[in-house]
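Colleague: Those sequence lines, one after another, are chains R and U.
Heads up, the numbering used here is the position in the first sequence plus 723, with the first residue counted as 1.
Heads up, the numbering used here is the position in the second sequence plus 195, with the first residue counted as 1.
If you are wondering where the hints come from, they were derived from the structure by calculation, not from laboratory data.
This one's a predicted model, so the numbers in the text were calculated from it and none came from an experiment.
Backbone N, C-alpha and C fix where the C-beta goes; we use that ideal spot for every residue, glycine too.
Check each hint, because a few of them may be wrong.
Said to hold, decoys possible - Computed far set for chain R versus chain U, every beta-carbon distance over 12 angstroms:
hint : residue
1    : Leu765
2    : Gly781
3    : Ile853
4    : Gln857
5    : Ala878
6    : Trp922
7    : Ala927
8    : Ala936
Claimed, not checked - Here are the computed distance ranges between Cβ atoms for each label pair:
hint : chain 1 : residue 1 : chain 2 : residue 2 : range
9    : U       : Ala409    : R       : Ala726    : 45 to 55 angstroms
10   : U       : Leu240    : R       : Leu765    : 45 to 55 angstroms
11   : R       : Leu844    : U       : Arg329    : 48 to 58 angstroms
12   : U       : Ala222    : R       : Ala921    : 28 to 38 angstroms
13   : U       : Ala310    : R       : Arg734    : 27 to 37 angstroms
14   : R       : Leu844    : U       : Thr377    : 56 to 66 angstroms
15   : U       : Glu255    : R       : Arg769    : 33 to 43 angstroms
Said to hold, decoys possible - Covered stretches of chain U (chain R as the covering partner; in silico rule of three or more C-beta atoms under 8 angstroms from a C-beta of chain R):
hint : segment
16   : 234–247
17   : 252–264
18   : 363–374
19   : 384–391
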Amino acid sequence: MTAADFLAILRGLPLTIALTMGAFTAGALLGIPLLAARQSRLLPLRFVSMVLIQIVRGIPPILWLFIIFFGLGMSYVPISPFNAALIGLSLIAAANMAEIYRGALASIHFGQWEASRSLDLGRWSTLVDIAAPQVFRVALPSAASYLIGLMKETAVASTIGVAELAFQGNQLSQSTFRGLEVFAIVGLFYVLLSLPVAWLSRAADAYLQAKVAR
Amino acid sequence: MIPTYDELVSWLPELLSGLSISLQVTALSLALGIPCGLVLALGVLAKGKGTRILALFLVEVGRGAPALVLLQFIYFGLPGTGLTLGSFSAAVIALAWNTGAYTSEIIRASLQSIAHGQREAAVSIGLNRFDELRYVLLPQGLRVALPALLGFSILIFQGTSLCFTIALPELVSRAYEIGSTTFRYFPALLAAGVLYACISIPASLLVSHVEKRAGSHAQR
């Protein structure tokens, strides 16, 4: 394993990070309207969003990327591998984040809703000022562990030719025939990437817990 | 965009045999992986430092590295050491490792959730460590762990799709193959997606049902 080999793997790092952050940001934002639809008072809207979430989560990520890249890209609208991976992973992240938000929303004590009604707060300000800050705090640890999971999921983008970590590892192992070391190092990179996320989430959680602790 | 009836009829045998390979890999990796998870959980909880470090290492690598990288590590990497595996056994070993690492955390958490008095009671009536585990801890712990283990099984079923990268003829590979010979990628992949959804959606509904029942048991 030479330094040049090491650098070759390292070249995949920016794309892994870009895919992870892009898909997570899109998922965290798209998850909000999806949650709103999931909690809506209109039965059809609730049903449609539930079916949508189930379908997105029920099909493996690799197949979503194939459907978007080969299925749509090759026959209908041309799409680059990176964009296909970003769209597919954002879709999956949105469904999973909506479920995380929903779990956090369910954990809010019903006294909070009663209190905001008795204070005559409107539906909007109840949601934005009372529920949202608490949902954010409760959802943070699960969102962080989902972020780590999503980062590992981006490895499937290598199958449609996005030159991220796993892809570079694959290329290098084919040219050097030393898959053992190469894939061990690729695996190590993913573990190293997850450490700062885990650390940040623990620090943020401790800070937010301390803020509400009496 | 949607596969025609004739296409479906001609593709279905191929797709279903791919699905059966996916299901076989799932069943075998769960059957190997969950006992490994139990052993790893006990290893992480063990008193000996060497055992604990080894178990922690296996768990952290199995959870920390993407399943795709584990698969390629075993399929493309191990031949370098003189151990060549077929794609089926490589898939089972990699996913069993992944299963073992994740389920060990589930099992460890559920073992630790058992009230401490149960262990003390087991010691005081003179059960040895094996009997304590078998008659006292596992029956209670596994009941707590069951919903999470079932949920994880669905993820492993979906994870078998990664075996596409090591040339295992499972469901995604079959659909991709059909797509590349007929250039009808979208309908073929869509059909595979429907097959996946047909298994994982009912399964996840079942898991949430089990979760609710397990919860109501605990509340009583």
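Colleague: All the hints need checking, so say for each whether the structure fits it.
Modeller: Verification of the hints:
1. The beta carbon of Leu765 (chain R) sits about 22 angstroms from the closest Cβ of chain U, which is more than 12 angstroms, so the claim that it is off the interface holds.
2. Once the 12 angstroms rule is applied to beta carbons, Gly781 (chain R) is inconsistent with being away from chain U; the minimum gap is 4 angstroms.
3. Listed as outside the interface, Ile853 (chain R) is consistent with that label: its C-beta sits roughly 26 angstroms from the nearest C-beta of chain U, beyond the 12 angstroms cut-off.
4. The claim that Gln857 (chain R) is not at the interface with chain U holds, since no C-beta of that chain comes within 12 angstroms of its own (minimum 22 angstroms).
5. For Ala878 (chain R), the requirement that its beta carbon stay farther than 12 angstroms from each beta carbon of chain U is not met, with the minimum near 4 angstroms.
6. The beta carbon of Trp922 (chain R) sits about 14 angstroms from the closest Cβ of chain U, which is more than 12 angstroms, so the claim that it is off the interface holds.
7. For Ala927 (chain R), the shortest C-beta to C-beta distance to chain U comes to about 21 angstroms, beyond the 12 angstroms cut-off, and the non-interface label holds.
8. Against chain U, the non-interface label of Ala936 (chain R) holds: every CB pair exceeds 12 angstroms, the least being about 24 angstroms.
9. The hinted window of 45 to 55 angstroms between Ala409 (chain U) and Ala726 (chain R) holds, with their beta carbons roughly 53 angstroms apart.
10. Between Leu240 (chain U) and Leu765 (chain R) the C-beta distance comes to about 49 angstroms, which sits within the given range of 45 to 55 angstroms.
11. Separation of Leu844 (chain R) from Arg329 (chain U) is about 55 angstroms and conforms to the stated range, judged on CB atoms against 48 to 58 angstroms.
12. Taking 28 to 38 angstroms as the suggested C-beta distance range, the pair Ala222 (chain U) and Ala921 (chain R) conforms, at roughly 32 angstroms.
13. Taking the beta carbon of each, Ala310 (chain U) and Arg734 (chain R) are about 52 angstroms apart, not inside 27 to 37 angstroms as hinted.
14. Range check, Leu844 (chain R) to Thr377 (chain U): about 59 angstroms between beta-carbon atoms, so the 56 to 66 angstroms window is met.
15. In this structure, Glu255 (chain U) and Arg769 (chain R) meet the distance hint of 33 to 43 angstroms, their C-beta atoms being roughly 40 angstroms apart.
16. Figure legend: the segment 234–247 of chain U, annotated as covered by chain R; annotation inconsistent (0 residues with Cβ-Cβ distances under 8 angstroms, at least 3 required).
17. Figure legend: the segment 252–264 of chain U, annotated as covered by chain R; annotation consistent (8 residues with Cβ-Cβ distances under 8 angstroms, at least 3 required).
18. Remark: the segment 363–374 of chain U is confirmed as covered by chain R, as 4 of its residues place a Cβ nearer than 8 angstroms to a Cβ of that chain, reaching the required three.
19. Given as covered by chain R, the segment 384–391 of chain U passes the check, having 5 residues with a CB less than 8 angstroms from a CB of that chain where 3 are the minimum.
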